[in-house]
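Model the full structure from these sequences, guided by the hints.
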Amino acid sequence: MIRRDESEIAYSRVNNSGIDGTFWSYENVSLIVAVIEKIFVVVMYFLLLLELHEMFFEMIAQTFADNQFIRNGNP
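FYI, in my numbering the residues of the sequence shown are 1 to 75.
A few of these clues could be false.
Unchecked claim - Computed beta-carbon distance windows for the label pairs:
(1) Glu-27 - Gln-62: 51 to 61 Å
(2) Gln-68 - Ile-32: 53 to 63 Å
(3) Ala-34 - Phe-69: 49 to 59 Å
(4) Tyr-26 - Ala-61: 45 to 55 Å
(5) Met-59 - Val-35: 48 to 58 Å
(6) Phe-57 - Leu-31: 35 to 45 Å
Note that these hints are calculated values from the structure, not bench results. For every residue, glycine included, the Cβ atom is placed at its ideal position computed from N, Cα and C.
Written as structure tokens, this is what we have:
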């Protein structure tokens, strides 16, 4: 097991770097994963809203077409 002295541990805490001194510490990776997850959720809600919007207007168009069909004397 590699022993690290206190100054190296303090340096990695201050600079928020991982064990090997790189960017990929647990805190940084978990933050990146959380941000990607939030972006994914927002995109999914946007796509759901777009689909519901499209279904709503198709329903209104079909109702209008049915009303025109009935109004023209076709049962």
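Which of the stated hints cannot be reconciled with the structure, identified by number in ascending sequence? 5
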